[in-house]
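What follows is each chain in one-letter form.
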Amino acid sequence: DTGVSQDPRHKITKRGQNVTFRCDPISEHNRLYWYRQTLGQGPEFLTYFQNEAQLEKSRLLSDRFSAERPKGSFSTLEIQRTEQGDSAMYLCASSPSGSSYNEQFFGPGTRLTVL
Amino acid sequence: DQQVKQNSPSLSVQEGRISILNCDYTNSMFDYFLWYKKYPAEGPTFLISISSIKDKNEDGRFTVFLNKSAKHLSLHIVPSQPGDSAVYFCAASEFGATNKLIFGTGTLLAVQP
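Residue numbers (this note's numbering), protein chains in the order written: chain G, 1 to 115; chain R, 1 to 113.
Hints are not guaranteed to be accurate.
[Claimed, not checked] Label pairs and their calculated CB-CB ranges:
hint : chain 1 : residue 1 : chain 2 : residue 2 : range
1    : G       : Leu39     : R       : Ser12     : 29 to 35 Å
2    : R       : Ala70     : G       : Ala53     : 18 to 24 Å
3    : G       : Gln17     : R       : Ser28     : 41 to 47 Å
4    : R       : Glu15     : G       : Ala53     : 35 to 41 Å
5    : R       : Gly16     : G       : Gly16     : 50 to 56 Å
6    : R       : Thr26     : G       : Gln80     : 47 to 53 Å
7    : R       : Ala41     : G       : Leu60     : 21 to 27 Å
8    : G       : Pro8      : R       : Gln112    : 31 to 37 Å
9    : G       : Gly16     : R       : Gly96     : 33 to 39 Å
10   : G       : Ser97     : R       : Thr26     : 26 to 32 Å
11   : G       : Ala53     : R       : Asn27     : 35 to 41 Å
12   : R       : Asp31     : G       : Ser27     : 24 to 30 Å
[To be verified] One-sided excerpt, in silico: chain R residues whose CB lies under 10 Å from chain G:
hint : residue
13   : Val4
14   : Ser8
15   : Tyr36
16   : Thr45
17   : Ser49
18   : Phe62
19   : Phe65
20   : Lys68
21   : His72
22   : Cys90
23   : Ser93
24   : Phe103
[Said to hold, decoys possible] Simulated coverage check for chain R against chain G, where a stretch passes if three residues somewhere in it have a Cβ under 8 Å from a Cβ of chain G:
hint : segment
25   : 12-19
26   : 73-80
In short, the hints are calculated from the structure, not lab data.
The C-beta atom is built at its ideal place from N, Cα and C for all residues, glycine as well.
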């Protein structure tokens, strides 16, 4: 399977704990995106990487959130001191570079539940 | 401030008939529009897209129409099949460095056998 993969698929944690999610993009896709989706809403942009450089962060990404993409391959999204409002589906997407290419390919998501 | 709007939360269609899903946007700087399909517990799957320089794009049973003056696009599915039952998201991107997507809230399509 050469699609975008995410791990874990589900995470249940207690309020105040830290969690980390991983995303493996499609090989050779140098653009990587994180989105968050809550019930009844569409995915909302969180952050964008071009290779290893984090080039844009949404104001939704509070100081408790940090994302990395070392070596421009896989990416991690960490949430510190989780709150109940962080409960959502966290989606990762990747795409090749090139101004004419806009389609993004999504992984299955990580569903986070904060108790 | 919802820049991409899907005003119909749900749509029910008979198998074999046409499904028409609608989307409106407010940002005139959007230059690319996409439709994604999502099943429960899965990530969105890309369906079809259209550049702002076109008014129609067709791929098999799926056709997307863009009316720039009205800031409106629609997805037509003909003929509709029970396997098309899913949530459909309209998304838009603005030309720039990131091509981040702005999504609507989705329309749940139910195709009745």
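Hints versus structure:
A beta carbon spacing of about 21 Å between Leu39/G and Ser12/R contradicts the range 29 to 35 Å that was offered as a hint. Checked against the given bound of 18 to 24 Å, the beta carbons of Ala70/R and Ala53/G, roughly 38 Å apart, lie outside it. Distance hint check: the CB atoms of Gln17/G and Ser28/R are about 44 Å apart, consistent with the given range 41 to 47 Å. Between Glu15/R and Ala53/G the CB atoms are about 48 Å apart, so this pair departs from the stated range of 35 to 41 Å.
At about 53 Å, the CB distance of Gly16/R to Gly16/G agrees with the hint of 50 to 56 Å. A hinted range of 47 to 53 Å is violated for the C-beta pair Thr26/R and Gln80/G, which are about 35 Å apart. Hint check: Ala41/R to Leu60/G, Cβ distance near 23 Å, so the stated range 21 to 27 Å holds. Remark: the range hint 31 to 37 Å for Pro8/G to Gln112/R is upheld by a beta-carbon distance near 36 Å.
For Gly16/G paired with Gly96/R, a C-beta distance near 37 Å keeps the hint of 33 to 39 Å intact. Between Ser97/G and Thr26/R the Cβ separation comes to about 28 Å, which falls inside the hinted range of 26 to 32 Å. A C-beta distance of roughly 26 Å is found between Ala53/G and Asn27/R, which places it outside the suggested range of 35 to 41 Å. Separation of Asp31/R from Ser27/G is about 28 Å and conforms to the stated range, judged on CB atoms against 24 to 30 Å.
Restraint check, Val4/R versus chain G: the minimum CB separation of about 8 Å is within 10 Å; hint holds. At about 14 Å, the closest approach between the beta carbon of Ser8/R and any beta carbon in chain G exceeds 10 Å, and the interface hint on this residue is violated. Taking 10 Å as the C-beta contact cut-off toward chain G, the hint placing Tyr36/R at the interface holds, the least distance being around 8 Å. Evaluation of the Thr45/R hint against chain G yields a held restraint, the C-beta minimum of about 7 Å falling below 10 Å.
This hint holds: Ser49/R has a C-beta 6 Å from the nearest C-beta of chain G, less than the 10 Å allowed. A least Cβ separation of about 14 Å between Phe62/R and chain G goes past the 10 Å threshold, and the interface hint is therefore violated. Hint status for Phe65/R: violated, given a least beta-carbon distance of 18 Å to chain G, over 10 Å. For Lys68/R, the interface hint is violated, the least distance from its beta-carbon to any beta-carbon of chain G being 17 Å, above 10 Å.
Of the supplied interface hints, the one on His72/R is violated, with its beta-carbon coming no nearer than about 17 Å to a beta-carbon of chain G, more than 10 Å. For Cys90/R, the shortest C-beta to C-beta distance to chain G is roughly 8 Å, which falls under 10 Å, so the interface hint holds. Nearest Cβ of chain G to the Cβ of Ser93/R: about 5 Å, under the 10 Å cut. The hint holds. Below 10 Å, beta-carbon pairs count as interface contacts, and Phe103/R has one with chain G at about 3 Å; its hint therefore holds.
Using a Cβ-Cβ cut-off of 8 Å, 0 residues of the segment 12-19 of chain R lie near chain G, which falls short of the minimum of three, so the contact claim is violated. Requiring three or more residues with a Cβ within less than 8 Å of a Cβ of chain G, the coverage given for the segment 73-80 of chain R is violated, as only 0 such residues are present.
Of the numbered hints given earlier, the model fails hints 1, 2, 4, 6, 11, 14, 18, 19, 20, 21, 25 and 26; all others are met.
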